[in-house]
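*Asks:* Residues per chain are reported as follows:
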Amino acid sequence: MSHRMTFWSAVPAFYQAQLKLTMAAKKGLGDAVLAELVVLRASQLNKCAFCIDMHVTNLREAGVEARRIDLLPAWEEAGDLYSERERAALAFTEAVTVLTEGAVPDAVYERAAAQFDEGELAHLLGVIVAINNWNRVNVTVRQPPGAEL
Amino acid sequence: MTNETTPTAAQQAPHAAGHRHGPRMRWAKLAPEVYKAMIGLDAAAKKGLDPTLVELVNIRASQLNQCAFCLHMHTGDARKAGESEERLALLAAWEEATGFFTDRERAALALTEAITRLTDGFVPDAVYAQAAAAFEEAELAQLIALITTINAWNRFGVTTRLVPGQV
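In the order they appear, the protein sequences are chains A and B. Here UniProt numbering is used: the first residue of the first sequence is 1, the next is one more, and so on. Here UniProt numbering is used: the first residue of the second sequence is 1, the next is one more, and so on.
Excised from the complex, chain A in its bound form (with noise of 0.2 Å):
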């Protein structure tokens, strides 16, 4: 598995614009660990081993209890391992990271505007809209885990 492409080098003005994309994002979102949460998830289901590496990190060194992280991939069984707001948030992610087998449905919108306002919602989707970014290209480009971008 080699890496096939310095990718984030050969397209500056692009690496920019994605930058902002997730602080903007993030930032309008405000809750560190629940970002990292919904990029973790989002790597997973992209299957992205450089982006999982680097927000499992990410989480571990904000102090977020091992469990949680462990856990994720199965959240939906994981009992009160996560709050009814993460839950929502997990569910919008993956509604939104799969989009190719149907729309996100009423059922997880609605549950996800039940928790976020529609400030927090947009820039929710802003920053599963990034991460989804950052899969799609650390994937196709086979970008090592741990490497620098």
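Don't read these hints as lab results, they were simulated from the structure. A couple of the hints might just be wrong.
Here are the computed lysine-lysine pairs in the BS3-like style, where the Cα-Cα straight-line distance is at most 30 Å [said to hold, decoys possible]:
1. Lys47/A x Lys20/A
2. Lys20/A x Lys36/B
3. Lys47/A x Lys80/B
4. Lys29/B x Lys27/A
5. Lys27/A x Lys80/B
6. Lys29/B x Lys47/B
7. Lys27/A x Lys46/B
8. Lys27/A x Lys47/B
9. Lys29/B x Lys46/B
10. Lys46/B x Lys80/B
11. Lys47/A x Lys47/B
12. Lys47/A x Lys46/B
13. Lys36/B x Lys27/A
14. Lys46/B x Lys20/A
15. Lys36/B x Lys47/A
Use these hints to put chain B onto chain A, whose structure you have.
*Replies:* Only chain B this time, still in chain A's reference frame:
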């Protein structure tokens, strides 16, 4: 983008159509810095790429992600840029449409599908190698950026249920 069409019966009486049909939220207004960054991302991604190819990629990804707003916009843009009705109609079956798409376009479309359907698996070596043979590396990086960006617009469009033809 302007609304050039007369609203359909479903748009005028959304609940009568059996499902709600209207934007769920105005994300660009609610998150203006995010929108601004998306505009920057879009401009950076397209830079230097052939506009005909750009629209084919944008339409094919929007078909896979089922973004009605994006399909309406990009089929319109493609027609304005001189794209043929035949190629637009056959794009969903491009692999079987011998003679309608160049090898370079086919390589880009195969890469578009693999990157768009990421949760189904990785981008296969054969697909990547075919794209790398048709595009030199700097151009291939632009193409990957473009495919990523239309996927981002598709996610915003589908999730917030943007209405085709309306801003």
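*Asks:* Return the numbers of the hints above that this structure violates; sort them in rising order.
*Replies:* 3 and 5
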